[in-house]
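Participant: Could you put together the complete structure from these sequences and hints?
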Amino acid sequence: MNEHVVLRVVTKALIPFILLFGLYVQTHGDYGPGGGFQAGVIFASAFILYGLIFGIGATRRVFPSRLLLLLAALGLLMFAGVGVAALVMGGNYLEYAVFAEDSVFGNHIGIWLVELGVGLTVSSVMVTIFITFAGFGSVSGDTR
Amino acid sequence: MEILGHYNYWVAIALMMLGLYLVIARGNLIKKLVGLNIFQTAVFLLYITVSKVAGGTAAILKEGYTLYSNPLPSVLILTAIVVAVSTTAVALAIIVRIKHAYGTIEDDDIMARDGDP
Amino acid sequence: MIFVVPDVLLLALLLATAFAIARLGNLVAVVMLLGLYSLLMALVWVVLDAVDVAFTEAAVGAGITTILMLSAVALTGAEEKPRRRRRLSWVSLAIVLATGAALVYATAEMPHLGDPEAPVHRHVAPRYISESPRETGIPNLVTSVLASYRGYDTLGEVAVIFTAGIAVLVLLGRGFRRREDEE
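Protein chains in written order, with our numbering: chain A, 14 to 157; chain B, 1461 to 1577; chain C, 5 to 187.
These are computed hints drawn from the structure, not numbers from a lab.
Note that beta-carbon positions come from the ideal geometry of N, C-alpha and C, so glycine has one too.
Treat the hints with caution; some may be incorrect.
Here's a subset of chain C near chain A, in silico, CB distances under 8 Å, partners left out [what the hints assert, rightly or not]:
(1) F59
(2) T111
(3) E139
(4) A163
In the SDA-like style, the derived pairs of lysine to any residue whose C-alpha atoms are separated by at most 20 Å in a straight line are [unchecked claim]:
(5) B:K1492 to C:R27
(6) B:K1492 to C:T80
(7) B:K1559 to C:V174
(8) B:K1492 to C:L28
(9) B:K1492 to C:E139
(10) B:K1492 to C:I99
(11) B:K1492 to C:E135
(12) B:K1492 to C:S93
(13) B:K1522 to A:G45
(14) B:K1492 to C:G177
(15) B:K1492 to C:A66
(16) B:K1559 to C:K85
(17) C:K85 to B:I1558
(18) B:K1492 to C:V174
(19) B:K1492 to C:F23
(20) B:K1559 to C:G177
(21) B:K1492 to C:M36
(22) C:K85 to B:E1566
(23) B:K1492 to C:G104
(24) B:K1522 to C:V51
(25) B:K1492 to C:G39
(26) B:K1522 to C:R138
(27) B:K1522 to C:E139
(28) B:K1522 to A:Y44
(29) B:K1559 to A:A147
(30) B:K1522 to A:T40
(31) A:K25 to A:I66
(32) B:K1559 to C:A82
(33) B:K1559 to C:N30
(34) B:K1492 to C:A24
(35) B:K1492 to C:G81
(36) C:K85 to B:I1484
(37) B:K1559 to C:V32
(38) B:K1522 to C:E135
(39) C:K85 to B:K1522
(40) B:K1492 to B:A1572
Facilitator: If you want it as structure tokens, here you go:
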């Protein structure tokens, strides 16, 4: 992609805004449309755009696959862990009301943590799937 | 809105049947997967149509609005969309492996290759 | 009127796009049209007041599915075999028409679009709408139902997407390629 100067410059200018928009959707899911899933997908699309323009090798350097798998597992663990924490603090599984004296504030904490876990897992899994598909043809050599 | 009546349901059923036709009548595996995607999205349309309330607004609470559309089908369909994309990703991976092993993704060619001893 | 015209137009466009997808043989064009279909569906859902779902479908359907399908088509070949494509399969058409007729007969009893007296608005939904500000304090009803009232389903959904990532890694990832290089 060395000759596509316009694409490279525009991508480098756009990616920070895409990441910022993903962060906005993640944190404002309580007040408008949005939440964990949409934000995870938008985050992933920024890295997929980077991979399309600059190649899979560069994306792997930015985001190694071990880190991706760790983040995906961490997101799911965070979700289940919030439920277990509610059990430990005396309520039912995933009963957010026991996290604080004011049950509404406890709900806010629980929902924020849960949406963060969802966003982490969704974005990591989408980038992982894309990198796996894109790296399949070139690395396997000419076994076809 | 009464003049629309059941128009949404008929369009959703027509789209579902188009997707079903693609799944059962086309030989190319990727075309079958595209038909499955069309089918899934048409089912979601059927659910979301049921949730609309005439004169209501989107399901985000705000002062001055008292009538809201039903949020419950939205929640179910959100889960269903994510499950649909997961199954599409795994199906595409299987199709790439089939191409790698058989050299083709047309189902009658694959059956012919399998039938040979 | 402000609701009827976009609804009718967008649904007609959806039917046209789906019909074009069925007729085309070049798979790259089919994948592009599938992305367009997802975007049109997201617009229909905005008209029907389901904004969270429309957001997700636009991001996931028109974004992620299109790029994954393009990667797969690049790995497997971009043309459908023409012999099967041109011929209309009468048996499949008969099955599809019979199923469609049965479904239309089944939906004849369903409530009209926008009916506020429909059964789906009677049981649990009014409770969520009225109690959610007092119990969760979050204006977005879909997020409060998804994350708090129906949290189990969301946990299962995150597990499903995690499993899909693992499955794709097992099928196409390093382990498979390393075994191929050793053979």
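Participant: Does each hint hold? Answer for all of them.
Facilitator: Against the structure, the hints:
1. F59: C:F59 check passes; min Cβ-Cβ to chain A is 5 Å, inside 8 Å.
2. T111: violated (29 Å)
3. E139: With a closest approach of 7 Å, the C:E139 hint holds.
4. A163: holds (6 Å)
5. B:K1492 to C:R27: holds (13 Å)
6. B:K1492 to C:T80: Status holds; Cα separation ~14 Å.
7. B:K1559 to C:V174: holds (16 Å)
8. B:K1492 to C:L28: holds (13 Å)
9. B:K1492 to C:E139: violated (46 Å)
10. B:K1492 to C:I99: Holds, at roughly 16 Å.
11. B:K1492 to C:E135: At roughly 44 Å apart (the allowed maximum being 20 Å), C:E135 and B:K1492 break the hint.
12. B:K1492 to C:S93: Roughly 15 Å separates the two Cα atoms, so the pair holds.
13. B:K1522 to A:G45: holds (11 Å)
14. B:K1492 to C:G177: With a Cα-Cα distance of about 24 Å, the restraint between B:K1492 and C:G177 is violated, given a limit of 20 Å.
15. B:K1492 to C:A66: holds (18 Å)
16. B:K1559 to C:K85: Within the cut-off at roughly 14 Å; holds.
17. C:K85 to B:I1558: holds (16 Å)
18. B:K1492 to C:V174: violated (23 Å)
19. B:K1492 to C:F23: holds (14 Å)
20. B:K1559 to C:G177: holds (16 Å)
21. B:K1492 to C:M36: Distance of about 16 Å is within 20 Å: holds.
22. C:K85 to B:E1566: holds (7 Å)
23. B:K1492 to C:G104: Holds, at about 19 Å.
24. B:K1522 to C:V51: holds (19 Å)
25. B:K1492 to C:G39: Roughly 16 Å separates the two Cα atoms, so the pair holds.
26. B:K1522 to C:R138: Satisfied, since the Cα-Cα distance of roughly 14 Å is no more than 20 Å.
27. B:K1522 to C:E139: Holds - the C-alpha atoms of C:E139 and B:K1522 are around 16 Å apart, at most 20 Å.
28. B:K1522 to A:Y44: holds (10 Å)
29. B:K1559 to A:A147: Cα-Cα ~15 Å, so holds.
30. B:K1522 to A:T40: holds (19 Å)
31. A:K25 to A:I66: holds (10 Å)
32. B:K1559 to C:A82: OK: B:K1559 and C:A82 at ~12 Å, within 20 Å.
33. B:K1559 to C:N30: Holds, at about 17 Å.
34. B:K1492 to C:A24: holds (15 Å)
35. B:K1492 to C:G81: holds (15 Å)
36. C:K85 to B:I1484: holds (16 Å)
37. B:K1559 to C:V32: holds (17 Å)
38. B:K1522 to C:E135: Roughly 14 Å separates the two Cα atoms, so the pair holds.
39. C:K85 to B:K1522: Violated - the C-alpha atoms of B:K1522 and C:K85 are around 55 Å apart, more than 20 Å.
40. B:K1492 to B:A1572: With a Cα-Cα distance of about 19 Å, the restraint between B:K1492 and B:A1572 holds, given a limit of 20 Å.
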